[in-house]
Amino acid sequence: MTFLWFRTWQLGVKSLLLHPLRSLLTVLGIFIGTASVIWLLAIGEGISRKAQEQIESLGANNIIVRSIKPPSEVTEGMGRLLSYGILRNDYERLHETIPTVERILPIREMRRRFGFSSRMVDGRLVGCTPQYAEVTRLEVDRGRFISDGDLRDRHNYCVLAADLATRLFPFEDPIGRSVRVERDYYVVLGVMKPRAPSAGIGGSLAAQEFDNDVYIPITTLWNRIGDTVFTARSGSFEAEQIELSQITLRVDEVKNVLETADLVKETLERYHRIKDYGVTVPLELLEQARTTRLMFIIFMGLIAAISLLVGGIGIMNIMLATVTERTREIGIRRALGAKRGDIIRQFLVETIVLSTVGGITGVLGGLTVGPVLRLILAALEKTTPQVMAQLPEIIRTATPVIVPWSIPLAFGISVTIGIIFGLYPARRAAAMDPIEALRHE
Amino acid sequence: MTSAACVQDVTKEYRMDGGTVRALRGVSLEVPEGDYVAIMGPSGSGKSTLLNLLGCLDRPTSGRIMLGDKDVTRASDDQLSEIRASRIGFVFQSYNLIPQLTVLENIEVPLYYQGRFASDDRRRCLELAEMVGLSDRLKHRPTQLSGGQQQRVAIARSLANDPYFMLADEPTGNLDSVTAAEILELLVELNHNGKTIIMVTHETDIGRQAKRIIQLKDGMILEKE
Ligand SMILES: Nc1ncnc2c1ncn2[C@@H]1O[C@H](COP(=O)(O)OP(=O)(O)OP(=O)(O)O)[C@@H](O)[C@H]1O
Ligand SMILES: [Mg+2]
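These protein sequence lines are chains A and B, in that order. Residue numbering for the first sequence is 1 to 441, as defined by my numbering. Residue numbering for the second sequence is 442 to 666, as defined by my numbering.
With the rest of the complex left out, here is chain A (with noise of 0.2 Å):
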């Protein structure tokens, strides 16, 4: 019985070779097939392990709000002064009304321009509280944060994010050194580390860079610079009066999270006329995040599925041209003793062998994914720079991360094609009439 299969995997093969390219190409459509479906998994997973990332890179746990310039047509006739965004007042409510919420940062934050001795470096000025560093996960690097103390005596001092620290000050070492904001000085109190920048998820959080901060106590801020901000806009000076910029409040379990988020709203929403802010829930982004790969893994895999039938059909075409030029082979085979199941066998068997060597390849193609992704970006970006440059920054910069399951997943797909579209050609042959086989030419 094992001579006998050995025997027919021998002959099937045998047949294959009779026709090399028609064999090739036959298992090049498998082989497509079967890359793809690991090809397109790895993709999918990877932007969407990125996405999360990012997500979570903001805190499942924080609440995020942040003030927002409503649109001209709502400004419209309030005057050289706008006036908008969250208030101190709206910080002390939420501080005070929302038992759930374990942390609450104020945070008011604006470009400005940084000078020590000759040198001029733009950047970010952000008025926070000793708290910051810890919820936005900033570390120091050398020296110590802003203080509790600090906080409370409005001292002139200052902390440096790593990048803003090496260009302003590239051969004095900071600490203890004056930086010159306008006509203020501040004290150099300490240096963080370099924080990958987080999340752009659109609606009112930007993504966000740290790389040029630098850390004020925000009483100071207050104290030195005020709400008000003059802009130079084309000719005119144009005011804005802004008493918060963010307030990040971390909620003290993920399981509380979006009841607290409602109560924020509700609470900013009765005091406030225009919409001048916008709530961010980092929780409520990873669960769309997770139905948004679900899909992307639905779709991915329905484009797989298509190209995996397409090198199905293939595989019929083929059998049902090979079993139509046997047919006088089937014929003879059927005259020396031939029972239909050996004839569907031997047909089956090379399907099986066209299907396997597909899938085969085709997993070893799917798992070079990464490297030949990184040429093929890397391609692109040098013919058409422009093309490239209009992807989403999370298609270009995302790494596949190769689904394990999806390897038993496409090489079964692809042995299970085989014998599905094989096995009408194969019944097709041993259907024939013996007789009639023998008299076709």
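Calculated from the structure, these hints are not laboratory results. Don't take every hint at face value.
Which stretches of chain B does chain A cover? Using the computed rule of at least three CB atoms under 8 Å from a CB of chain A, they are [what the hints assert, rightly or not]:
1. 494-503
2. 516-522
3. 543-554
Derived SDA-like pairs: lysine to any residue, alpha-carbon spacing no greater than 20 Å straight-line [what the hints assert, rightly or not]:
4. A:K14 to B:Q541
5. A:K14 to B:H581
6. A:K69 to A:I242
7. B:K580 to A:G12
8. A:K14 to B:K658
9. A:K255 to A:Q288
10. A:K14 to B:I539
11. B:K580 to A:L17
12. B:K652 to B:L627
13. A:K14 to B:T543
14. B:K511 to B:I524
15. B:K658 to B:D646
16. A:K14 to B:T584
17. B:K580 to A:Q10
18. A:K265 to A:G278
19. B:K580 to B:Q590
20. A:K14 to B:L545
21. A:K69 to A:R270
22. A:K14 to B:L542
23. B:K580 to A:L18
24. A:K14 to B:Q590
25. B:K580 to A:L11
26. A:K275 to A:L81
27. A:K255 to A:T97
28. B:K580 to A:R7
29. B:K511 to B:D476
Model, not experiment: these values are computed from the prediction. For every residue, glycine included, the Cβ atom is placed at its ideal position computed from N, Cα and C.
Model the placement of chain B with the ligands on the given structure of chain A, informed by the hints.
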């Protein structure tokens, strides 16, 4: 003497759109073991139809067919395949070797479908190849052989399973007269050694080499010699 094949009042009808073709209309025939029968008759008289029935490639519309002591009249498709694999050897007019197989592999095919393959089977096939004078061409493909050589391979193949009888439908139809004579000589020799042979032929000269001739006309046997 037991008979290799026994056909009793067999009819064969083909139903088609244009009506029914009665290819055989009551044929009775007994072929004892060791016989050499030539079936002759004009074209369309039903020679091939009768041979196909004897070869278990088809079933009669009515009547009875016995091969040895086995009634094959109502056998299933798989049973017919088994009988073909173990008891019948075919030789066709157009040789019908399998092109992708070598000479030796072609000879082995019937054994393969018998579901057995022992080392003495291989030896037997080699002997058969030698008997038909092709032991030096074992690894060749059919396309590398002449018509006569191909027919020799086919004869060797038909004997691989040690059949009850050999069925030959115009075995020399595609060959020149010299080669045809050689093939016929081989058949006579085989018959001499005890093989039962049933052969269909057009030519009286060829028919005379058999032990007896059966004349078919319009699906019926005319005379027996
Ligand atoms: N599959 C079939 N369907 C319909 N009619 C058939 C079929 N096979 C044979 N016949 C008819 O049966 C009759 C006998 O055919 P058969 O092939 O037995 O003749 P034959 O004696 O072998 O002729 P030839 O010497 O030309 O080979 C013919 O009239 C033929 O048309
Ligand atoms: Mg005929």
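| request: Against the structure, test the hints numbered earlier, and report the numbers of the ones violated in rising order. | output: Numbers 8 and 24, in rising order.
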